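**Student:** Construct the complete structure from the given sequences, taking the supplied hints into account.
These protein sequence lines map, in sequence, to chains A and B. Using this note's numbering, you'd call the opening residue of the first sequence number 1122 and step up by one each time. Using this note's numbering, you'd call the opening residue of the second sequence number 124 and step up by one each time.
Please note: incorrect hints may appear among the correct ones.
[To be verified] Pairs of lysine-lysine, DSSO-like flavour, derived with a Cα cap of 30 Å:
#	chain 1	residue 1	chain 2	residue 2
1	A	Lys-1612	B	Lys-226
2	B	Lys-334	A	Lys-1358
3	B	Lys-221	A	Lys-1539
4	B	Lys-221	B	Lys-196
5	B	Lys-264	A	Lys-1325
6	A	Lys-1539	B	Lys-226
7	A	Lys-1325	B	Lys-226
8	A	Lys-1546	B	Lys-132
9	A	Lys-1232	A	Lys-1325
10	A	Lys-1358	A	Lys-1277
11	A	Lys-1318	B	Lys-226
12	A	Lys-1318	B	Lys-221
13	B	Lys-196	B	Lys-256
For the record, the hints were derived by calculation from the structure and aren't laboratory data. From a predicted model like this one, the values you see are computed outputs, not experimental measurements.
One letter stands for each residue in the lines below.
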Amino acid sequence: MGDFHNPEGDQERFRFRLGFAAIAVLAAFGILFGRFVYLQILQHDYYRTRAEDNRIALIPIVPNRGVITDRNGVVLARNYSAFTLEITPSRVSDLEAAINQLGEIIDIQPKDRKRFKRLLDEAKNFESIPIRTRLTDEEVAKFAAHRYRFPGVEVKARLFRQYPLGATASHALGYIGRITDRDLEWIGQREQEANYKGTDHIGKTGLEQHYEFELHGQTGYEEVEIDAGGRALRSLKRIPPVSGNNLALTLDVKLQEITEKAFGDRKGALVAIDPANGGVLALVSTPTYDPNLFVDGITPDNWKELNDHPSKPMVNRALNGAYPPGSTFKPFMALAALEAGKRTPGQTIHDPGFFNFGNHTFRDDKKGGHGSVDMYKSIVHSCDTYYYLLANDMGIDAIARFMGSIGLGQRTGVDIGKDDSGESKGILPSQEWKRQRFKKPEQQKWYAGETISIGIGQGYNAYTPIQLAQAVATLANDGVMFRPHLVHYIKDTRSGEKRIVEPQPMRSLNWKPQNVEVIKRAMVGVNKEGTGARAFAGAPYESAGKTGTAQVFSLKGANYKESGVKKELRDHALFIAFAPVDKPRIALAILVENGGFGAQSAAPIARMVFDYYLLGKVPAGAANEDAAAVEDDNDE
Amino acid sequence: MIDFVGTVKHWGRQSVAHLDAPLLFIAMAIMAVGLVTVHSATFDGNQRMASQAGNMGVALAIMWFVSRLPPQKLMRLAVPLYVVGVILLVGVFLFGIKVNGAKRWLPLGFTRIQPSEIMKIAMPLMLAWYFHKFEATLRWKHHVVAALLLVVPFALIAKQPDLGTAILVGAAGFYVIFFAGLPWKVIFGLAAAGAAAAPLLWNVLHDYQRKRILTLLDPTTDPLGAGYHIIQATIAIGSGGAVGKGYLNGTQTHLEFIPEKHTDFIFAVYSEEWGLIGNGFLLFLYTLLVGRGLIIAAAAPTLFTRLLAGAITLIFFTYAFVNMGMVSGILPVVGVPLPFVSYGGTALVTLFLGIGILMSIHTHRMLVKK
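**Tutor:** In structure tokens:
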């Protein structure tokens, strides 16, 4: 093999290749030198002028942010243009003096100075910062006459976001605010830095944040020639911006308004969903706040007031409040039992008014018990003992599997906030959950006794109102489940095309139709002869519901007497419902914090919502608490 | 009795015995250009010249040490260094931490390292060792194996993504294969196939990758984004003219128009202040450096040393060409520093490792022949 191996030849060939490489290197350096000659000799004059005063300034033109409308085209978020007086700090030597002089011709309030200072601290290097917003035409003219005195100060037309309906639906819409370092990181991750040159506001919460990159639009720019003072002399080229895409919501803002009013000054949440497609019809969290406060940069006083207020208006209770579902859990427990074959509809139990497990006694709300109880009666009269037994028979993991399948204890993925930051998961208790939740081994073990109160929606159970609404909607829609969403379609500005956000169901749970029917009939019973009957008396449509109460804390030994308890310590009232039963158009979950019983404060709100949505009936004001409902029936 | 003077003289001679004077002087000359330019790029901000001088001291010490290692020792290092390098790269792929959107660093608890840097030296060492081992029985299949040894680390680095380093590592490997006698028809065949596949490749590129290429062809299409760097660097070079604006007088530099001005774009700073004459001088120095390297390669006694010397020399060329090409707007922007000039310790150490190896090869050649 070594015969034709010739070291001399190899060396020769290697040297030939070295020579070749040497020529290639010289050629490549020659090309570079040619390029330098081209740039530095032939094009020198051109580049010298471009460098000498680097007088070509690229001015980004911020696009119009997309408009948000409700399902009937009512505008919920729009833009308007206003003149601002702005200072470029790098071009003003003595800011304090300049502002004082400006103050002689234009009204500048201490709060304007304060905001300017704050923005100055946050500012990136070269940008101009508003000292006054919303100048009148007269003020613009006045400044124009004096502008020679103020290098580095100019009047600019800026776009402002406006929420015409104020506090209505603010938790759904969210708001925009000035871009912070964290926002910049987000923009970087999406490789949108270039597109955000010149933009100084960004969606901070709600739809405004979730659809930020749809709403923003494509930044245009203008190449302008500037003089030594940095003022624009003439425009050389203009690439217009492309406005952001518009959002058309599934939300009915009239329904939203009526619902918010119905809550009055009570704290709570309501989520109403169209069961046939998951479109959110109303998403209420009270109290609410006015998002317009944030647009100009919220003042520290306002911010403090909103943040420190004991009723926490900034918290979106519909997505971030996790509450025990109380008795609204029972219809789902019953359905789980039917699907698992653990109960038949006609099977009865005997309820003596309590259930003994180990050495602990679980009490039913009704002293002496409900006697013989079948599934229908267990839901209509909200019999606790039935569900103590059922929970014990099913075991925690079977319960968790079923409740997980209808979305409880998971983020629904509703289109609010960035990624999943806008939504809490809640707690879906299971053996696995407990193992991960606690550190000490003795706490990690699931005790069979803990399963019992899970059956009536108490214990570790904690779900957000939107999860409950999704679960009810799924039940109403016979097990075909949709992701709740507020945007019906995105209208693309460029192509004019309408992109439907959520056309397909998430999953189909394949429940037996006869099982679903049993539960629905029982929930109809609730509104006809049970805890919901007073609220729905005389309704011309057939509705299905279930009331519930979530304990705020346990009153040991004492008999819960609602009137004797301070308002903050009253239980939370819950209600889930849908209508019309044969072809559901609306499903909802309501939570009234410290509302006491569901029948008393939550169900009347549901009646108003249904009456408006199904019949077009506009109510007078807030839903009254129905004190009589308490006397009548306190066994939720 | 004891000849102190003689002993000291002997030590002195000993300590410089393995340095190659021409190579050392050329490298020092380029480094002097670098130091002066780093000063200009940073004197009105975060002063970096002193710290760069410190980096150079460390790099020179490493060069001195490496130059004293005989090539046989280097050869023994080839396989372990390569294997460790690949393992670390896989580690980056699996456990690396993301900085600025690229996964390049491997956390080691107390510190973090960038394994792709090791590969710049490990790759040519490994391939040179491989061809040396199979020198007598070289067949086409060895070229295939060599190509595999090249492609695996290349792909791992490109995936991070760090295109600049991937190109340097890939080029280092290719040069070894080229010098080992890869047939011309294969080289031209690959080039032709590459040219033919370009339109296909275009279709599989991501939008942002296409945009990067289009930006190179016409930077004005993205003047707010990536095009900005190229436009401003080109203005700096062009406005420098024949003789430059004078040291410390570059307006583009000192008015902050040049991005990354003390690292990847330092050539724009140099070029603005020293003009075409300065550029010609720098190109001349690089030509001398490459020339000296090729002479060392031609005189190298064994296949291993020949291949290694040739590849390292061409890598110096590649650094310089890619960097100046991208800053002057004829190559896409990838992260490659200007050798011996850009600020930064890691790159300097790698470069002087290369210089040290060249010196070792040259000063140990007689011993091998005997």
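**Student:** Hint by hint, say whether it matches the structure.
**Tutor:** Status of each hint after checking the structure:
1. A:Lys-1612 to B:Lys-226: With Cα atoms ~37 Å apart, Lys-1612 of chain A and Lys-226 of chain B exceed 30 Å; violated.
2. B:Lys-334 to A:Lys-1358: holds (21 Å)
3. B:Lys-221 to A:Lys-1539: holds (21 Å)
4. B:Lys-221 to B:Lys-196: violated (36 Å)
5. B:Lys-264 to A:Lys-1325: violated (60 Å)
6. A:Lys-1539 to B:Lys-226: Between Lys-1539 of chain A and Lys-226 of chain B the Cα gap is close to 24 Å, so the pair holds against 30 Å.
7. A:Lys-1325 to B:Lys-226: holds (29 Å)
8. A:Lys-1546 to B:Lys-132: Not OK: Lys-1546 of chain A and Lys-132 of chain B at ~79 Å, beyond 30 Å, violated.
9. A:Lys-1232 to A:Lys-1325: Answer holds: Lys-1232 of chain A to Lys-1325 of chain A is near 23 Å, not above 30 Å.
10. A:Lys-1358 to A:Lys-1277: Holds - the C-alpha atoms of Lys-1277 of chain A and Lys-1358 of chain A are around 19 Å apart, at most 30 Å.
11. A:Lys-1318 to B:Lys-226: The given pair, whose Cα atoms are some 27 Å apart, holds under the 30 Å limit.
12. A:Lys-1318 to B:Lys-221: It holds: about 25 Å lies between the C-alpha atoms, which stays within 30 Å.
13. B:Lys-196 to B:Lys-256: Roughly 15 Å between the alpha carbons, so the hint for Lys-196 of chain B and Lys-256 of chain B holds.
Comparing the model with each earlier hint shows violations of hints 1, 4, 5 and 8; every other hint is respected.
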